[in-house]
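S.K.: So the sequences go chain by chain: A and B. Under my numbering, the letters of the first sequence match residues 1 to 180, in that order. Under my numbering, the letters of the second sequence match residues 1 to 167, in that order.
Think of the hints as simulated: they come from the structure by calculation, not from any bench. A portion of the hints provided could be inaccurate.
Said to hold, decoys possible - These stretches of chain A come out as covered by chain B in the derived footprint (C-beta under 8 Å, 3 or more residues):
hint	segment
1	22–33
2	48–56
3	134–147
The C-beta atom is built at its ideal place from N, Cα and C for all residues, glycine as well.
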Amino acid sequence: MTEYEELTDEEIIKKVRTSNQDFYAVIIDRYQKKLIRYINNLIKNEEKTTDIVQETFIKAYVNLNSFNIEKKFSSWIYRIAHNLAINLAKKYQKEIPLSEDWDFKSNDDIEKDFEEKETIEKVEKCLKEIPIIYSEPLSLYYIDEKSYKEIGDILKIPDGTVAIRISRAKKIMQKICQKN
Amino acid sequence: MSKELKNIKDSVMNQIHGGEVKMKPKIYFIIGSILTFIGLISTVIFSTFLVGLIKFSLRTHGPMGQYRFDEIISNFPWWTTILAIFGLIIGIWLIRRYDFSYKKNPLIIIFVFIITIIIGGLIIDTFGLNERLIQRGPMKTMMGNYNKGNNIQNNQGLKFKIYQNNF
């Protein structure tokens, strides 16, 4: 399946829909780490994060025919993950404390994708302390490297609102990080 | 974490291969979209008309202070209110269920949806469209029963009388 690594997500989805469902494994490989980090930033619970990510891939597969191939797959799957995480967070608000600390294991390879590991760890630590309304767009922008448009698509807010939230988040974060 | 990642991939792919997880066919979404669209439009039209009907029923009781108030309370067609609320709930559910509010806050859409229905209902009532509709089709029977049940004479409302004469 290596030859398909050059293909875009949308091209792979086309293949999954029409010829071979095995290509869905490529999609899982591409997104599972990103989604785990993203969901964990939202709900701060390792066990439930894994469940949500798995549920995200299942839900995305079941509804794959509703995905508009002209649009960005990454925004679509992040949106599904966002909805599942928010629903779960609302359901188990007491069970999933927003301030609970959780770090990746030291021998884990998830961070090797990042050039600035230390900075990202610090950013993630600070992110956990700011309200989700600001932490989510900030993490999507700086950690997941999404554009304002993509963040707008995921969170269903206009690009201008994304910019405002990121700007405010940076100010809040600056204060929090300086304290720490 | 690597083990967990492998578990996620294996678990999802096993469920796909085992047939536990199946992709919904495209037709499912096409029919869903069409039904949603029809449902939403019907809800808007129906709720708008009901708002007009509620305003119309208020007017038919005449300006008589406390008596008017008591009459309104006792004779008010509460079922229309329940239906209107039910219609709104269905509409809101459809908006949220199918999540087609691309890049728009669902709360804003719901707010606009409700305001549209109320304004639409008031406009329909102001221009007498509901009274025209009452003279025809299934609404004629419905309003006839309502008026009969509440002892409302058709000539009690001047506007209604004018339209009645026109037909």
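S.K.: Can the segment 134–147 of chain A be counted as covered by chain B under the rule of three residues or more with Cβ-Cβ separation shorter than 8 Å?
M.R.: violated (count 0)
S.K.: Please check whether the segment 48–56 of chain A has three or more residues whose CB lies within less than 8 Å of a CB on chain B.
M.R.: holds (count 3)
S.K.: In terms of beta carbon proximity below 8 Å, does the segment 22–33 of chain A have 3 or more residues touching chain B?
M.R.: holds (count 7)
Hint violations for this structure: number 3 only, all remaining hints satisfied.
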